[in-house]
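Novice: Sequence:
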Amino acid sequence: MGGGAWGHVTDSPCNQSVVRGRDSSHLVNSPSSRQSRLPSPPSPPRQAGAARSKFFPPMDFTVSNYFYYYLFRFSAALGEEIFYITFLPFTCWNINHCVSRRMIIVVMYIGQVSKDILKWPRPHSPPVVKLEVKADAEYGMPSTHAMAATAISFTFFIYPFELGLIAAFVFSTLVGLSRIYTGMHTVLDVIGGTLISAVLLALSYPAWDLIDHFLLTSPFCPVFSIVVPLLLCYNYPKLDYYSPTRGDTTTILGAGAGAIIGFWLTNQYTPLNSSSETFQLSFPPISSKRLMVMLAKFLVGVFVLLITRQFIRRLALSMLYYWYKVSTSDEEARKRLEIEVPYKFITYSSVGFCATVIVPFFHVGYFI
1 MGGGAWGHVT DSPCNQSVVR GRDSSHLVNS PSSRQSRLPS PPSPPRQAGA ARSKFFPPMD
61 FTVSNYFYYY LFRFSAALGE EIFYITFLPF TCWNINHCVS RRMIIVVMYI GQVSKDILKW
121 PRPHSPPVVK LEVKADAEYG MPSTHAMAAT AISFTFFIYP FELGLIAAFV FSTLVGLSRI
181 YTGMHTVLDV IGGTLISAVL LALSYPAWDL IDHFLLTSPF CPVFSIVVPL LLCYNYPKLD
241 YYSPTRGDTT TILGAGAGAI IGFWLTNQYT PLNSSSETFQ LSFPPISSKR LMVMLAKFLV
301 GVFVLLITRQ FIRRLALSML YYWYKVSTSD EEARKRLEIE VPYKFITYSS VGFCATVIVP
361 FFHVGYFI
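Going by the UniProt record's numbering, the sequence shown opens with residue 1, and the numbers climb by one from there.
If you're looking for bench data, these hints aren't it; they were derived computationally from the structure.
Keep in mind that a hint or two might mislead.
[Stated by the list, open to error] Once the Cα atoms are required to be at most 27 angstroms apart in a straight line, the calculated BS3-like pairs of lysine-lysine come out as:
#1 Lys335 - Lys325
#2 Lys335 - Lys238
#3 Lys238 - Lys325
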């Protein structure tokens, strides 16, 4: 199994799902093929992030159990940008504004910052096989996938529907196990991320209604939602090399800032109830008509969000490149602090605002 917790191949079906080897033509499902493998050369000293990539090129591997492979690859995708840009707006359009407002952004920020403060390396490769390249440039502890999965699933569990606890447990467990399977985290990373998220949820839960009321009604909310996230992004812990954690954090905070401003603006014209009484509703009954409406809202909304993301992203990059006199063909320039933070923040705050203000207008216009 290609995870950080198992450093060798065993005969169990789970551990044979991804087979290690430097040559993919060498199958290691049989004892004879295991014996035919040459021993790995001595490994250089472990380093974290991008600095390791030159020592450990991607390893070849053979998949012998596609069920586990696709299950955990899909589960790992539940912590990626494409999931958040579709699922979280879906909760706003089809379930309840209150649910989507309670997705605790601070959970992800604390997780991302903790990685670059603790600087714990990801699992050593070899022996594990890393199935993701981009994320390997980050440190490992804690697992922000596990943190987000715990926060999201158990926030929804508070929305009482049948078998909610089981659904929350399965979701968070699958995402956590997927990080071990793909070789991105150790068991300790996943447990640490889950515990940190659980503690933050428990500590913040009593103040949810108060915070919600402030974000919806305070005249200072728009300024607060822009200034505080930008200060956090510009003062992100500095590393000796480039890591995508700063960009990912800016994406999260930018999307949250745009969504909060959108909720605040909407509340000025159509008050949104933020009380826990409204939150504790039964899950809406599912019918074929309702499913069609939900699907229509989702497709229209995602289309508008993707168009917004591409347009604002190109516009923001063009303006920043012009301002800093950088060639538009210089891909490395996007990693500079003065370009990466504003372009990602502008892009994803626009996406968040669009999801909470513009898309609902489209839904009303199309009578869905």
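Novice: If a hint holds in the structure, say so; if it does not, say that too.
Specialist: Hint-by-hint comparison with the structure:
Between lysine 335 and lysine 325 the CA atoms are separated by roughly 15 angstroms; this keeps the pair inside 27 angstroms, and the hint holds. Between lysine 335 and lysine 238 the CA atoms are separated by roughly 13 angstroms; this keeps the pair inside 27 angstroms, and the hint holds. The straight-line distance between the Cα atoms of lysine 238 and lysine 325 is roughly 24 angstroms, inside the 27 angstroms bound, and the hint therefore holds.
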